[in-house]
Amino acid sequence: MPALASRSFVDVHDIHADVWHAHALSHAALPVIATGDATLDAQLPGGGWPIGALIEIVQPPGVHSEWRLLLPALAQSGHGPVVLVGAPHLPFAPALAAQGLAAQRLLWVRTPVAAARLWACEQALRCADVNAVLAWLPQARSDQLRRLQMAATEYRKLLFVMRPAQSQADASPAALRLQLQPQTATQHTDAADIADGLELQLLKRRGPPLDQSVYLQARAGPMKLLMAAAHALDCSTARA
Amino acid sequence: MHWIAVQRAPEAGGGSGVVAGDAPALVDVDQALDWWALQFTPLVARVEGSLVLEVSGSERLFGGRAALLQRLFESDAPTVTLRHAQGATSLLALARLWAQTPDASLNALPLQALAAARVHLPTLMRLGCSNWGQLRALPRAGLARRFGAGLVDALDRAYGVRPELYPWLTLPDVFDAPLELSAAVESAPALLFGARRLLAQLLVWLRARQRGVLALELLWELDARRSNALHVDAHHLGSGQGRLELRTAQATQDMQHLQRLLGEQLAQVILPAPVLYLRLRSLQTQTLAGESHSLLPEDQRQGDSLHQMLERLGARLGPEHILCVQPQADHRPEAMQTWSPWKPQPAVQASAGEMSEQAALLPTWLLELPQPLAVQGQCPQYHGPLTLLAGPQRLESGWLEATVLRDYFIARSEHAGLVWIYRERLDQNPHWYLHGLYA
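Chains as they are written, first to last, in my numbering: chain A, 1 to 240; chain B, 1 to 439.
Don't take each hint at face value.
What the hints assert, rightly or not - Here chain B is said to cover these stretches of chain A; the calculated rule only asks that three of the stretch's residues, wherever they fall, bring their Cβ under 8 Å from a Cβ of chain B:
1. 59-73
2. 105-117
3. 128-136
To be verified - A short, non-exhaustive set of chain A residues, derived as facing chain B with CB atoms under 8 Å:
4. Gly78
5. Pro81
6. Gln123
7. Pro182
8. Ala232
To be verified - Under the rule of at most 20 Å between Cα atoms (straight-line distance), these lysine to any residue pairs were calculated in the SDA-like manner:
9. Lys224(A) - Leu388(B)
10. Lys204(A) - Gln168(A)
11. Lys343(B) - Lys224(A)
12. Lys343(B) - Leu84(A)
13. Lys224(A) - Leu361(B)
The set of hints was computed from the structure by calculation and includes no laboratory data.
Using N, Cα and C, we set each Cβ at its ideal position, and we do this for glycine too.
Work out the full structure, taking the sequences as your base and the hints as a guide.
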């Protein structure tokens, strides 16, 4: 019997790229772009954000941490425009430029009408020059998202859709779904990290479900230095 | 000399002679045919409802006579069915076309096929002349005395003894085509059907001139019998006429794109009275440079170009909703950037070099209006109490307009992450404001 079993065993990768073992991450058929964070890359099928699939980011109210998560990937996504559809606040171009996303790449479609946002999103996906589309679609329904997912697949675009926390229970056609929230003080490792950590839960991915959260490290560069300096100053005053 | 005579085939069903298909019907088929013929040779003339083209001068350009004929009637053929005949002179080609004998020899052609001989046909028949050869055999001087010099001239030209000159057709410099609608149109979007036919005509003109359109206008005439024909709004000036101007960022021959833009614009027009006449006029055109295509399939990108997408977005949502950013040199965060409507010509790129050191500490989201924060005890609140982490960063600027004196802090909220808040300085009872979010 064991001999028979070993003979009838078929390598799943030979069947189709969309077939994978339930305990392993999918071998992505899609091209990916690195997220800029090694821990997160390791948990994503293919090792990065999939290009040509809908990526849904769920955030609690008042939290808008998407730039932090997406900037490293957007900075290296190319030189074409990055279309923002219905951003909740003013994107602050000098800060984005300092983190690698040039100001002239930004294109903001500002409309409060939900249907117009969806339409603009689809038009942007159809454009050959656009590199990535970031959309804030609080009211979108599942079938509308599916339409966007199909457009992203057809035109091979990086598409991130930001949704509020209450949509977490809804079904979603997204290939990758994450929940974002600032790291709370209980799971601290480093003082700078508590202040500026980001907790990420993978709600859906092409692979086994992930129970524990992924923690994104504090941002690098001048911000980290400033945080560390502030913390050190804090400690020294407390000691005094 | 090699002449081709072309004529529209008589229609079977008495329709407009247009081949059924996806292509919208042309407004003026004869004019479109003239323009189409001018692509191949500058010597095109209209003789009694038929077109004659002299192609010997342009044969080499198209790679020989056979290649030219193939292009004429197969690859670049217009949407109407055509009949054609050839010959060494235009009258010969025409006679072969009219007599429907493409290979008949010169002498055997019937006299009906010679326009100048038609009026004298009964007399000539009684003389025993029925074809060109017999007419040419008659004494020349007597023929001229009896039937006039015109017939002898025509015969000379048909035999290639005298040169043939016609008033040659030329392309107009500006496209301007009217269209009378078959029924009064009440709603603006329905004008698109008429406009599609005009656009198809425009495409023929653009192809013949090898130009792309940058701006065009659609004019319509309102039914003057209606009292509100003199209505005034953005598209109607009160003179019983309406006008819509369409501009594109890049010269284009893509009628699909123009049609979509026109559709979006017409959807916003309200007609005060029914429309009877349409007119399309080109305002600005540009010579269209050839496009280079890649040999490799993976280099061919899917989708439409950026300016097409933005024009379509602007046409539906309004251009004020499509924004791009301009960095400004200022110390006040709210004045560091201006979001302005997208324009076809990108502005000069500002150098971001010297700012970047400090800009890395700025938040990625900025609140349009600073949000006042509630204070409990000494501690400002935003989704829970805020812990000040770094600061103050002191800002004093804008003394020309409204003086800004602020102390900025980076603070942390338990639930919302890092935020950027400030306190008004020189204020007896300092208020706290939220101005940015570190996304």
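### Task
Please write out, lowest number first, the hints stated earlier that are contradicted by the structure.
Hints 4, 8, 11 contradicted; others consistent.
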